[in-house]
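Asks: Residue numbers 2 to 414, in the working numbering, belong to the letters of the sequence shown in order.
Hints in this document: simulated from the structure, not taken from any laboratory. Be aware that a few hints might be false.
What the hints assert, rightly or not - Subject to a maximum C-alpha distance of 27 Å in a straight line, what follows is the list of computed DSS-like cross-link-like pairs (lysine-lysine):
| hint | residue 1 | residue 2 |
| --- | --- | --- |
| 1 | K324 | K265 |
| 2 | K374 | K324 |
| 3 | K374 | K272 |
| 4 | K8 | K272 |
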Amino acid sequence: MSIPVAKQYILDFEQMGLGMFIHWGLYSQLGRGEWVFNLEHYNMDEYKKLADTFTAEDFDAEKIVRTAKEAGFKYITFTTRHHEGFSLYDTCGLSDFDAVHTPAGRDLIREFVDACNKYGLMPMFYHTTLDWYNKDFNEKFDEYLEYLRKSVEILCKNYGKIGGLWFDGNWSKPDSDWKVDELYATIRKYQPEAMIINNTGLSDRGKIGNPEIDSVTFEQGIPTPMNREGMSKYVSAEMCHTLNEHWGIGYDDLCYKSPTELIKSLCDCRKVGANYLLNIGPEAQGKINNYQKELLGLLGRWMELFGEAIYNGRPCGVNGIGKNFALKSVDGENLYFFVYDLATRGDGNVTVGRKYRGVYAFGGVSEEITSIKWMDNNEELPFVQGQDMLAVNLTGHPYGTSYPVRVAKATIK
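Whole structure, please, built from the sequences with the hints as guidance.
Replies: Shown next as structure tokens:
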């Protein structure tokens, strides 16, 4: 069986590698996560009063986009409307439960898109399909679906070229007819090359749905390799991940991931050709707290050194011991060897841990290699090759340096 030919916009999305997710809404004022309305059984009449104190005075789209760009992100997926039903965009009369009808008085998605366009990042729109605010969701579902379709039409018509739409919520009514064909046809009418992604949730990671879907999702779980043989369409894969244990800001959630976890998760995704969509949760009025910014900054320092391998590498079947692996460049001229938990050079009494450095073996290397160098310092690495195997002497990190994953670049003859 053959692998279907991929559409160029899907390949372009795959090559981006690293995306930022942003969850921000009225729930951010409460600071207890994006599901606080549902899990704490709020009355909607009381909850919607949060719109009266939503000023967005700290929201600076350009600053957020610059932070993303400096950290190596290539696209940003922003919650235009989450399950609470509040829209950060101008709904053009469909509803008054949106940002332009609050003290903010602004179309915040317009500002986001303009900033992305200015700094060269691709804007993508998260949009809920589940809605706790709109009573038609439970009482007149067909009418609700038309409201949803018209909402998405606004996003497709009013903001220029967008990278895609990321839907979430169909799992709330698994036996209902969501009329997705009509919804997706609306997108294709205005944005023929927009990625269409529908989150399949925690229970159906990697599930392929409607033929218009362009990428499968792996929410909070490392993607599995995609077997595209016999598929009717080439689809990409994406794993979305929180910085701590909430998507929306949780002021008392101190379980932040370490830079090591973030870097390894990114590499785990790229090993199977999936994108890594890493979430941040702005504070009540749109500010990114310092800890999140510092984490992104450390990720960015790693991307400065090894980002070429993340963007330009593709799975090629080369694997080493443990989690080590290699990717091949798009042009076929290089291999990128990803090495996890490499030791630091130095006296054993002062270097921490039991990490290894020395000779590493990789299988599946069929091309002749002419040189291998560390990407961070250009140091040449000795190697021997034969019978689809390659053994390379991977010197440890220089003392004072340690990367969770270090990448060496090989030149193919």
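Asks: Is it true that the CA of K374 sits at most 27 Å from the CA of K272?
Replies: Answer holds: K374 to K272 is near 20 Å, not above 27 Å.
Asks: Assess, step by step, whether the Cα of K324 is no farther than 27 Å from the Cα of K265, and give holds or violated.
Replies: With a Cα-Cα distance of about 10 Å, the restraint between K324 and K265 holds, given a limit of 27 Å.
Asks: Please verify whether K8 and K272 have alpha carbons no more than 27 Å apart.
Replies: The hint holds at about 21 Å.
Asks: Regarding the pair K374 and K324, is the alpha-carbon distance no greater than 27 Å?
Replies: 20 Å, holds
Of the numbered hints given earlier, the model fails none.
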